[in-house]
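> Given next are the chains, with one letter for each unit.
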Amino acid sequence: MIVGEQKPFEEIVKMIDGHKRLLVAGCGTCVSVCFAGGEKEAGVLASMLRLQAQQSGRTLEVLEQTVKRQCDPEFLEELVAKVDSVDAVLSIACGCGVQFMAERFAKKLILPGLNTRFIGVTLEQGVWSERCAMCGDCILDRTGGICPVARCAKRLHNGPCGGSSGGKCEVGKDRDCGWALIVERLKSLGMLERYSEIVPPRDWRTSRDGGQRSVVREDLKEQGKFEPR
Amino acid sequence: MAEAAAKKAPPPKPEPPPPVVGPVSGLEKVIKSGGFAVTAELGPPKGVDLAVVQKKVAILKGWVDAANVTDNQTAVVRISSIATSALMVQQGLEPVMQMVARDRNRIAIQSDILGAAALGIRNVLCLSGDHQTFGSEPGAANVYDVDSIQMLMILKGLRDDAKFAGGTDVEGGRPPLYLGAAWSPDADPADVRTLRLAKKVRAGAQFVQTQGIFDLPAFKLEMKKAGDMGLLDKLAVLPGIIPLKSAGMAKFMRKNVAGISIPEDVIQRMEGVKDGKEEGTKIAVEMIQAVREIPGVRGVHIMAIEWESKVADIVGRAGLKKGP
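Taken in order, these protein sequences are the chains called A and B.
If you count by the working numbering, then the first sequence holds residues 1 to 229, one letter each, in order.
If you count by the working numbering, then the second sequence holds residues 1 to 324, one letter each, in order.
By construction, these hints were calculated from the structure, which means they are not laboratory data.
Hints are supplied without guarantee of correctness; some may be wrong.
What the hints assert, rightly or not - Here are the simulated SDA-like cross-link-like pairs (lysine to any residue), alpha carbons at most 20 Å apart as the crow flies:
| # | chain 1 | residue 1 | chain 2 | residue 2 |
| --- | --- | --- | --- | --- |
| 1 | B | Lys255 | A | Val171 |
| 2 | B | Lys163 | A | Arg69 |
| 3 | B | Lys220 | B | Ala290 |
| 4 | B | Lys156 | A | Glu197 |
| 5 | B | Lys255 | A | Ser165 |
| 6 | A | Lys173 | B | Glu264 |
| 7 | B | Lys225 | A | Glu39 |
| 8 | A | Lys40 | A | Arg69 |
| 9 | A | Lys187 | B | Asp191 |
| 10 | B | Lys282 | B | Ile305 |
The structure displayed is predicted, hence computed values, not measured ones.
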């Protein structure tokens, strides 16, 4: 899922400076799973902001509301009443939620309370790790299910580089060498001969490098098209 | 009818540029003629003071067949490898221009290679490049559009097929290149270091320079593997020779530099002497004499880091050259 981390509190306080009535908008999907922007987190953040305002002698009223997702239009409709009544919204959804809210509520200032970090997995409670770089042209079949774009710091397609040491990446001993993992996996799958295939230069157009991306499913369009009131 | 057909015919394609016939460089010539090549490293300065380069050229001339120019090594910004290499061509010391994948996409790589070749640079070493977080600009965006093996393929395509990576034609002249790569025979994961070397050869590598070798038996084993895979017929291997200065330096490298394995007896030898630099030089000379005997070794690559003056001493003592 999308993994994010709340921005440092001081940064958020600076961001909302000057506003007197604020809505903290949480998201019930990805950022709830990583305990960064869900209902509980929205509640805690709202309390902290109220307390901080009180301690610094400022007037600040903070509302809270969490919807299932901020990236689907039908859920944003649930926020209309509260959004209309505030000066600014602090969304603690991922960057998609913040932007979608800004598109829906074009005349309202929507501020990002989260730093969206990556798409990843839960390794254990409290530990999330990046896995997918959204390159748009998945080659996990060739690499034993381990992604060289997300897990190699140099996104080598014919790795490893000479910096791999003891299974760790030269960038830091806290991270695995993606290619060491790929080699191990190909071995255990009896597929090491695939390692010797030269992977040619990639077409990065399917990745971020090609510019903003969209997916259109003509077969699904116009069915149940959602119109905001 | 014939006239109309003639009007519609597209203009004739220009003749492809003539093929490149080697040897294209002094280094390639030495290797192809069965000589024992000597290369060393020349680190460019962090500013525009070319006198620094001239000084290093003067120190190395006559003691090496070619000198590698590093490309923003360890991601620390220095004057460019291409500019330094072009200057060396002018000054009569043949460069091996190092090019990393870290900072340039395929457009810039191909463009820079054409420029380099036009300026008389012939030997190119294709590398992935140390990650930018190590260096002086840790916040820089990562390029790595291609890796070192893909870079070799692209440069080979420019030279042998007169084609750019995207399929369009190289016009006017092909870059005459002698293509090289790096090899870390002692690096992890051990299983694939020779398999990866094979990929580099298939991609176009004609010579490789290795990471510093201190463990002779281990290196001999890797060379045997490479030989068994049939790589040594088409590939010149130049093992890396790093002269040690102290036991501390040896321990530091063993701990911190990936791909360098220093046996305990070498460390003990360094610890047991007063003059570390002299002992380190002796070890380097012995290593050169030892690797010379290994089939497939066609020279050595001396990495006297910021100690270019040591190269002449080592090369002289090993009996490889007599100087300018």
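> For every hint, state whether the structure bears it out.
Hint by hint, here is what the structure shows:
no.	hint	verdict
1	B:Lys255 with A:Val171	15 Å, holds
2	B:Lys163 with A:Arg69	50 Å, violated
3	B:Lys220 with B:Ala290	10 Å, holds
4	B:Lys156 with A:Glu197	17 Å, holds
5	B:Lys255 with A:Ser165	10 Å, holds
6	A:Lys173 with B:Glu264	24 Å, violated
7	B:Lys225 with A:Glu39	60 Å, violated
8	A:Lys40 with A:Arg69	15 Å, holds
9	A:Lys187 with B:Asp191	10 Å, holds
10	B:Lys282 with B:Ile305	17 Å, holds
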